[in-house]
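First to last, the protein sequences are chains A, B and C.
For the first sequence, position 1 (counting from the first letter as 1) is numbered 1 according to the working numbering, and the numbering increases by one without interruption.
For the second sequence, position 107 (counting from the first letter as 1) is numbered 107 according to the working numbering, and the numbering increases by one without interruption.
For the third sequence, position 165 (counting from the first letter as 1) is numbered 165 according to the working numbering, and the numbering increases by one without interruption.
Below, in silico cross-link-like pairs of lysine-lysine (DSS-like), each with a Cα-Cα straight-line distance of 30 Å or less: (1) B:Lys162 - B:Lys62; (2) A:Lys183 - B:Lys62; (3) C:Lys87 - A:Lys244.
Residues on chain B that point at chain C, a partial pick, calculated with CB under 10 Å: (4) Tyr91; (5) Arg124; (6) Ser127.
Note that these hints are calculated values from the structure, not bench results.
All C-beta atoms, glycine included, are put in the ideal place defined by N, C-alpha and C.
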Amino acid sequence: MTDPRLLDVEVAEDRDAEHMLINMGPQHPSTHGVLRLILELDGEEIRRCEPVIGYLHRGKEKIGETLSYHQFLPYTDRLDYLAPLANNVAYTVACEKLVGVEATPRAQAIRVICCELARISAHLLGLGAYAMDLGAMTIFLWTFREREQIYSLIERICGARFTTSYTRVGGVERDLPADFLPKLEAFVREFPGRVDEYESLLTRNKIWVRRTQGIGVISREVALAYGLTGPNLRGSGVDYDVRKDHPYCGYEQYEFEVPVGSTGDCYDRYLVRIEEMRQSAHILRQVLDTLPAGPFINRDDRVLKSVLPEKTKTLTNMEALIHQFMVATESICAPAGEAWFSAENPKGELGFFLRSNGGPSSTRCRIRAPSFAALQCLVEIVPGHMIADIMAILGSIDFVMGECDR
Amino acid sequence: MTQTTELVVPEKQTPTGLNEEGGFFVSRVDALIDWSRKNSLWPLPLGLSCCAIEFMATAASKFDMARFGAEVARFSPRQADVLIVAGTCTYKMAEAARRVYDQMAEPKWVISMGACASSGGMYRVYSVVQGIDTFLPVDFYISGCPPRPENVLNTLMKLQEKIGRERPITGPGAGVGGGTDRVDPLAAGSPHVPPTLVGNVAVKPGSESSGSSVRAPARPSAAKGKPERS
Amino acid sequence: MSVLTDHGDPAAGAALHAALPHFTWDAVVDRGDVTVPVDPRHEVEVATYARDRLGYTLFIDRFGADRGEDAEPRFDVYTILYNLQTKKRLHLCASLPGLDPVLPTLIPVFRGANWFEREILDMYGVRFEGHPDLRRILMPDAFPDFPLRREYPMEGLGGWAAPSRAIGGGIDGHDGQIAVNYVPSQPKPAPGHGGAP
Chain A
1 MTDPRLLDVE VAEDRDAEHM LINMGPQHPS THGVLRLILE LDGEEIRRCE
51 PVIGYLHRGK EKIGETLSYH QFLPYTDRLD YLAPLANNVA YTVACEKLVG
101 VEATPRAQAI RVICCELARI SAHLLGLGAY AMDLGAMTIF LWTFREREQI
151 YSLIERICGA RFTTSYTRVG GVERDLPADF LPKLEAFVRE FPGRVDEYES
201 LLTRNKIWVR RTQGIGVISR EVALAYGLTG PNLRGSGVDY DVRKDHPYCG
251 YEQYEFEVPV GSTGDCYDRY LVRIEEMRQS AHILRQVLDT LPAGPFINRD
301 DRVLKSVLPE KTKTLTNMEA LIHQFMVATE SICAPAGEAW FSAENPKGEL
351 GFFLRSNGGP SSTRCRIRAP SFAALQCLVE IVPGHMIADI MAILGSIDFV
401 MGECDR
Chain B
1 MTQTTELVVP EKQTPTGLNE EGGFFVSRVD ALIDWSRKNS LWPLPLGLSC
51 CAIEFMATAA SKFDMARFGA EVARFSPRQA DVLIVAGTCT YKMAEAARRV
101 YDQMAEPKWV ISMGACASSG GMYRVYSVVQ GIDTFLPVDF YISGCPPRPE
151 NVLNTLMKLQ EKIGRERPIT GPGAGVGGGT DRVDPLAAGS PHVPPTLVGN
201 VAVKPGSESS GSSVRAPARP SAAKGKPERS
Chain C
1 MSVLTDHGDP AAGAALHAAL PHFTWDAVVD RGDVTVPVDP RHEVEVATYA
51 RDRLGYTLFI DRFGADRGED AEPRFDVYTI LYNLQTKKRL HLCASLPGLD
101 PVLPTLIPVF RGANWFEREI LDMYGVRFEG HPDLRRILMP DAFPDFPLRR
151 EYPMEGLGGW AAPSRAIGGG IDGHDGQIAV NYVPSQPKPA PGHGGAP
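Extracted from the complex, chain A is given alone in its bound form (with noise of 0.2 Å):
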């Protein structure tokens, strides 16, 4: 499909030229991590574009066989690394379907609010980067702002900035601090604010609005064919969110909207996850209004054996010790089968597929990557943009390599 604005252009055909081949990547500014793009121009329009991925295998599903369940964890943390609670939070959810414990309402609202953060984090990192890469450096800057912000809050949940491994099968690590929740209100109080400082720069941006009007459609066909999910999904025009057609950690108790784009190009993309933003700070508001007292990890007689008892009773309770022992060691062992969880996650649906023939570690450990399917779909939509179209299409597919290549 040829470029609109090229059709002004008087070219004369020549059928002997040969096209350009040119390697973009795997060291790209704008290829968000390590991704190689062959590309097949003629003249500055591109004919052909063939992803090369794979520079960032680092053999996860292999491990997730060997290791045991929670041994697993820091590696989740590493998938889409811009949101390692969201991926801690889905596996998590996964081992427990699994297994059959569930988390106490404590640990799930604790949960809703690693999620929520972990995307507004995904997403300001996603749109900083996008906006650098065609030339609005100043958004990377305020956006790593609010980023150091989060991580601020992440640290003091976690004791990490990123790479938290937070969550454990039957709920999370630790409880909140004390002060984390009067942080936390200040964050949301003012972040709404900021996406509006966002939106004055880019929105109604002439450049910025050339630049992604119209550019990378992706069709609600293309989409569903390519097991697009997420906002690429949504911004097509699909009304798919996990959140709201299965909901986990008790999303269906908070009110939101998920915002639909209509064209699918890559400013309704955009504009989905600046919304996206603003309705996760609807959430945090939401959650700490109704944050539940409680334990903040289950250790209901019937799931002990999965789940470490506390700390402070091993060091009085023999039956508490062995069981530390036992599941320190032997780790949690589910009954045999099989069983899949999604969620949504920033970049889409992260799915996980666990199977279990009665041991100790997962005998299959498959992750199911939306940045996988996001970056197929280029083979389509690439041909007949310009060069530079292709920072404004990957931008807005907003992809992670952690993920893609596992």
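Once you've looked at the hints, dock chains B and C against the given chain A.
For chains B and C alone, coordinates are given in the frame of chain A:
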């Protein structure tokens, strides 16, 4: 009674060439070159995975690498001074990383950021290079997964100190360029022996055989499970 | 609180089996997820029926699984589909023997199966008939093994030219893998055509 100290006037020496030890002006030029190099390091962030995000955070406003003159991140190897390998290097990527290093002009330095770049990190798997020092000469290793931005800045400062001692004109590596005490593991006749690959895991010569220490505990009574198909 | 065990639609699984009884077996429901075992040779027909008649239009995933060297059938290829109207998920599972596992490609039904099938080849060695571009995707082309097979050790076996040996240093001293098996498009596509296969 006042003590008079004899004023010893050193012999006047004319600097005759680079091989000589001395010369006040040459050593000043040396120091000037070192000072200008270390305070305007242009990094090439080879952002492979998660460490790249922390590198971006180091370059952003809160930690601000610009204070050290290193904010100009040049993604073209021809324009960069220091290659910061941030993230996990796979075998597929190693080749591209080496190519990028080869294209950089002297003087150049290499920082290995994070556990994955330094040693393979938590990924003792078939596809990950267990340390970029198997094919790149590394000046500094930053530990951490990912290293905190303060750690990155600390390493940058250490690199600046190291550059400050280099003395490209009168020093031992005169005429060679930067990074004189580094040994390129792929250079012919290099005394550095690249670790042999046992499986795809590098075993440093002289160390014990590699055994995986990261394994799920095996249940002694676990039967080899064949899930039933109903 | 949220329910994790109502993601599948057993009625749809039963309807699929009833409509194509010679290509499928009875649907299995495990923890709420509905898996329909499928005859590998007829997976395309089953998937087409699920997409067009049962409304499972969103292609979610396609992956392989290995039951172990001693199991027969050894490999499973799962396809995960989603119905946007009923908001239910469906799993199709095709089981393959350990020796020379082959399956027809699902690309005619869902274009997105392309890379997923390449990954299954890369990791398990399962071939897909009719796939236009079947080659490795995550590992380098020269890699000789199928890493996700259960007998393959996590650390790898070596035995292939890892770049630290292949690279001779210097740009022109390479004999490592630079170019993928890329075939430039032969005839120049007519204007108006996207260029995709």
